[in-house]
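Colleague: Now for the letters of each chain:
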Amino acid sequence: LAKTTQPISMDSYEGQEVNITCSHNNIATNDYITWYQQFPSQGPRFIIQGYKTKVTNEVASLFIPADRKSSTLSLPRVSLSDTAVYYCLVGQYGNKLVFGAGTILRVKS
Amino acid sequence: EAGVAQSPRYKIIEKRQSVAFWCNPISGHATLYWYQQILGQGPKLLIQFQNNGVVDDSQLPKDRFSAERLKGVDSTLKIQPAKLEDSAVYLCASSLDRAGGSYGYTFGSGTRLTVV
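Keeping their order, the protein sequence lines are chains A and B. Sequential numbering from 1 applies to the first sequence in our numbering. Sequential numbering from 1001 applies to the second sequence in our numbering.
To be clear, the hints were calculated from the coordinates, so they are not data collected in a lab. There may be inaccurate statements among the hints.
EDC-like, lysine to aspartate or glutamate: derived pairs with alpha carbons at most 20 Å apart [unchecked claim]:
#, chain 1, residue 1, chain 2, residue 2
1, B, Lys-1015, B, Asp-1057
2, B, Lys-1044, B, Glu-1014
3, A, Lys-96, B, Asp-1057
4, B, Lys-1044, B, Asp-1057
5, A, Lys-54, A, Asp-67
6, A, Lys-108, A, Asp-31
7, B, Lys-1078, B, Asp-1056
8, A, Lys-96, B, Glu-1068
9, A, Lys-96, B, Asp-1056
Keep in mind it's a predicted model, so treat the numbers as computed, not measured.
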C-alpha cells in the first residue's frame, strides 16, 4: 500500500479557498486517490476520488499532477462547518481503505 | 436513503467484561466493514465482509474479538473480554461492492466504547 503524508493541521478563515496537499511518492499504477472528511462524533464521509488530472464535484476539486506523486484537495470558500479532519487515501480500486492520521482543518470566523 | 445504523451509541464497561455492537448497513450493500478508531488516529480496519463471508480479518484480534454477518445483512462485533486499550469508537461502513462505487463507503456514526 502506498504511504501518504499530509500536514497534521491547517488553519483558515471563512470564505477562503483551502488546499490540502497529500504526498504519495510510491503510488502504484493501479492506485486511485480518495479523500474522506470526518466531523467530530461522526464516521468519515466520502468527498472525492480521482486517478489523474482534475476531478470536480459539488463539494471539492481534486488536482493530480502527471506524475501522480501528490494530490491536492481544494475546498472553495470554506465555512465554519468545514472544520473537520480530512483523510487522503491511496489504493487500488476495490481494495480496503487504509486511513492515516489525516489533516485537521480549523476554519475561523 | 437511510444511512448505516449502529447501536448502541455509547457504552461503558469494566475491563474483562464483554460487549457487542450492532450494525445495519444500507439496503442492498453487499460489503460491510468494521473499523476501530482510537482517539486522535485514523480508523483501522478490523474486518471486511462480502455478503456473509469474511474477506479480510487480518487485523482483528481474534483472541478477544469476533464478528458475524448472518444472512448477509446485519452484523455484530463482539469483544470478550475487553481490555482498557479497546476504548475507541467502533465504526461500521458499507458499500455496494468492494470497489465502493462512485460514492465510496458509507459510514455509520459509530459506537463509542469506554473500558474502565
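Colleague: Each hint needs a verdict: does it hold in this structure or not?
Modeller: The hints, checked one at a time:
The suggested pairing of B:Lys-1015 with B:Asp-1057 is violated, with an alpha-carbon distance near 24 Å, which exceeds 20 Å. Taken as a hint, the B:Lys-1044 and B:Glu-1014 pair is broken in the structure, with Cα atoms around 23 Å apart against an allowance of 20 Å. Note on A:Lys-96 and B:Asp-1057: the hinted pairing holds, with a Cα-Cα distance of about 11 Å set against a maximum of 20 Å. For the given pair, B:Lys-1044 sits about 12 Å from B:Asp-1057 by alpha-carbon distance, which is consistent with the 20 Å threshold.
The suggested pairing of A:Lys-54 with A:Asp-67 holds, with an alpha-carbon distance near 13 Å, which does not exceed 20 Å. The suggested pairing of A:Lys-108 with A:Asp-31 is violated, with an alpha-carbon distance near 35 Å, which exceeds 20 Å. Under the criterion of a C-alpha separation no larger than 20 Å, the hint pairing B:Lys-1078 with B:Asp-1056 is consistent with the structure, at around 17 Å. Proximity of A:Lys-96 to B:Glu-1068 is assessed by CA-CA distance (about 18 Å); at most 20 Å being required, the pair is judged to hold.
For a cut-off of 20 Å, the pair hint linking A:Lys-96 to B:Asp-1056 stands: about 9 Å separates their Cα positions.
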